[in-house]
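Quick note, the sequences are listed as chains G and U, same order. Here this note's numbering is used: the first residue of the first sequence is 1296, the next is one more, and so on. Here this note's numbering is used: the first residue of the second sequence is 124, the next is one more, and so on.
Be a bit skeptical, because a hint or two may be false.
Stated by the list, open to error - For lysine-lysine, the following DSBU-like pairs were computed, each having C-alpha atoms within a straight-line distance of at most 35 Å:
(1) K361(U) x K273(U)
(2) K1313(G) x K361(U)
(3) K1600(G) x K268(U)
Said to hold, decoys possible - Computed list of chain U residues with no C-beta within reach of chain G, every gap over 10 Å:
(4) P188
(5) F315
(6) A340
Please keep in mind that the hints were generated in silico from the structure rather than gathered at the bench. Values in this document were obtained by computation on a predicted structure and should not be read as measured data. Positions of the beta carbon are idealized from the N, C-alpha and C atoms, including for glycine.
Below are the chains, spelled out letter by letter.
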Amino acid sequence: MQSAVMKKPLFKNPRKAKRALFYWCILALPLIQFLIFYVYVNFDSVILAFQSYEQPIGEVGYTVSFAGLSNFKNVFDIIKAKPFLLTNSLLLFVVDFFIGIPLALLFSYYIYKRRFFSSWFRVLLFLPQIISGTVFAIFFKELVSFAFPQVGLPNLLASDPNTTRMTLILFSLCMTFGVNVILFTGAMTSIPPSLIEASELDGCNPIQEFFHVTIPSIFPTLVSFIIIAISGIFVNQMFLFTFHLSTNEFDTIGYFIYSQSQSRYGGLVPTDGQTASYSTLSAFSLMITLILFPLTLTIRKLLTKFGPSPR
Amino acid sequence: MAFIKKPRARRSNYSKSVAGSLFFDAICLILILLSIMMACILLWALVNSIKPGEDFETGNVFLWPNFGKFPDFRFWDNFLEILTGFGIRVDSGSYYSSIFGEITYEAKEVYFPEMLFNTIIYASVGAIFQSFLPAIVAYTLCKYKFKFSKFFYGLALIVYIIPIVGNFPAMITLMRDLGIYNTLWGSFIQKFNFFGMYFFVFYAYFENYSDSYLEAAEMDGANQFVILFKIVLPMASKLILTVLLISFVSLWNDYQTPLLYMPSYPTLAYGIYKLVNFSKGNGPISHFDLTVPLKMAGAITVATPIVVLFIFLKEKLMSNISLGGVKE
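Let's have the full structure, built from the sequences with the hints guiding it.
Set out below in C-alpha cells:
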C-alpha cells in the first residue's frame, strides 16, 4: 500500500489525502442517515417508553410528561389481559424451531444430494418468495373460507380455535421454507468433496453422513439461522395481517405491535380502536430487546463453543 | 464468509443401504405432499380467476367455469376489470409535526395505474439503494483501511446483532416531525441504509478481491470515483444484480411498510390487501364489484410481473448467497 510515496508540497501525502476525501464523500450520507434513522430513532424509542403524551382539548400539539414506569405497567396489563399474545408467539417459535428448521435441513439435504425431482422441489419451495406469501395467503383464505364450506368441508380459519391456530402456524411454516432451503443448500455445496469421499470410504450411509458430516460442516450457517429464529420470536406475524381474521385470539406480539403502530391520527395519544399508545408500544419493544439481546448473544456463544465441528 | 456458488453436479452412487434410501423416500414423500398442497391452492386460484363472479356465487366453487351459462363473459374479463376499474379509497388524515405544525392530507381514490406507478417507483428506488449502498460502503470500508473502518465495521456488526423489535412508533414520530411521513421520498430516505445482511455478503466478497488491480489503476492516475464506478462496481455487478433482484421482489410484495409510512401512496400489494379484506367503500371504491374471482384475478395480476421476472432470471433469484457465521 505504501509503495507509491510521491512527495509534493501541498499535502504530506497527496495519495492519502485523495483517498481520505473519497472515503468521507462515500460515507458521509449513509452515516448521517444512520445517525438519524437508526441511532436517533432507537434512542427516541427508549425515551418514548418513559414519556406520556396528552393532547389538550381544542389545541394543536401535545404536552409531554415523564411517565416513570407506568408505560411498562401498561405492557404487563396488556399481557395479562391478552395472555394469548405471548403463548401464540412462543408456540409459533417452538413449531418453527423444532419442525421448521429440521425439515428445511432435510429438504436441503435431499436437494443437495440431487435426488428424484430435486430441482423441481427447489423451485416449488421457493415459490412463496416469488408469488409472495401474502398472495398465497389470500388464495388460501378465499379457498378455505368461501369454497370449503360450500362442499361441507370445515372452514379451517373460522371453526374451532385450535384448528385455526394450527392452520395459521403450519401455513406460515410452509411459506418460509424457500429461503432456508436456498441458504442451507448453498452452505452444503461448499462442503469439500474430499470430506464426503472420506466418509463414503468409511462406509457412512446417507443418514450418518447427514449427522456427522453435513450438519457439522454447515454449523456456522445453522447458528445464524437459530439466532435469526430466536430474534424473530416477537416479530413474526404469522400472516395474520393478510388473513385479517375477525377475532384477535390468534394475535402474536409481532402482529400486535405492528397493528397498533398503524393508526391514522396521531398515535402518541391512543385513538379510536387503538389499545396502546406509542409510548406503551415503545416500552413493549424496549422490554423485548432487553430480553432478546442477551439471550441471542449467550446462545450464539454457547452454540459456537459447544457445537460440533467436522472431523 | 459469504459467496455465490452454483450447485455442483454431484450425485453419489454410494450406499445402496436400505436405511439410506428409506430416509430419502420419506423426505420425498413430505415434499410431494407439500407440492400437491401448493399446486392445489395455485390451481384453484387460477381456475377461479377466470370465472364469472356469478358462476362462483351460485355454487361452482371448485370446477371449471360454466362459460356456457354466461355467453357475454370472456375469460380475461376479470383481469380487464382489475386493470381498468379497480381502485381503492385512501383516507384523509392529519398529524402534528413539531417542526411544521399541523399537516393534513386529503382523501382520494387511487386506481390501478397509479398503484402500479407507485409500486414500480417504490420497488426500484428501494432495491437500488438496498443493493448499491451496501456494496459501495462495504468496498470503501474494506479497501480503505483508515482508523474508522474497523469501527464502522464493528458498528454494522452490532446493528446486525441487536434484535430491535418494533421501533415503528419512534420511526413514525420522527418522520412526522421531519414532515416526510406519508411521502414517497420519505420512504426512500428510510431505505438509504447500508446495514443488514448484504453488507457482510459484499464485505466478504471484496475481502477476497486482490488489491493489485485497484493499485494499478491508481498508478495510472485514475480518480478514486473512476475506480469505483469503472472497475469495482462492474466487477461486482453479478452479486449486486442478485441482491437488487431479491430486494426488488420483496419490495414489490411489501404492503406493510407502505401501509405504515405512506398510506396515501398505495402500492399494488397494498391495494390488493384492501381489495381482499375490506368491504365495499371501506377500502375498495364503492362501485367496484367484490367477488371471489375478482379478488383472485387481482392477486394474480400483482404476482404476474414477478413470476415473469422469475422465469427469466430464475438462477439469479435463487442463487446461493450464503451467509456463514459472521466474523466477529
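Going through the hints against the structure:
For the given pair, K361(U) sits about 26 Å from K273(U) by alpha-carbon distance, which is consistent with the 35 Å threshold. Distance hint between K1313(G) and K361(U) is fulfilled; the C-alpha atoms sit about 29 Å from each other, no more than 35 Å. Of the supplied pair hints, the one linking K1600(G) and K268(U) holds, its CA atoms being roughly 31 Å apart against a limit of 35 Å. Its beta-carbon lying about 14 Å from the closest one in chain G, P188(U) satisfies the requirement of being farther than 10 Å from that chain.
A cut-off of 10 Å between C-beta atoms contradicts the statement that F315(U) is not in contact with chain G; the least separation is 5 Å. The Cβ of A340(U) lies farther than 10 Å from every Cβ of chain G, with a closest approach of about 12 Å, so its non-interface assignment holds.
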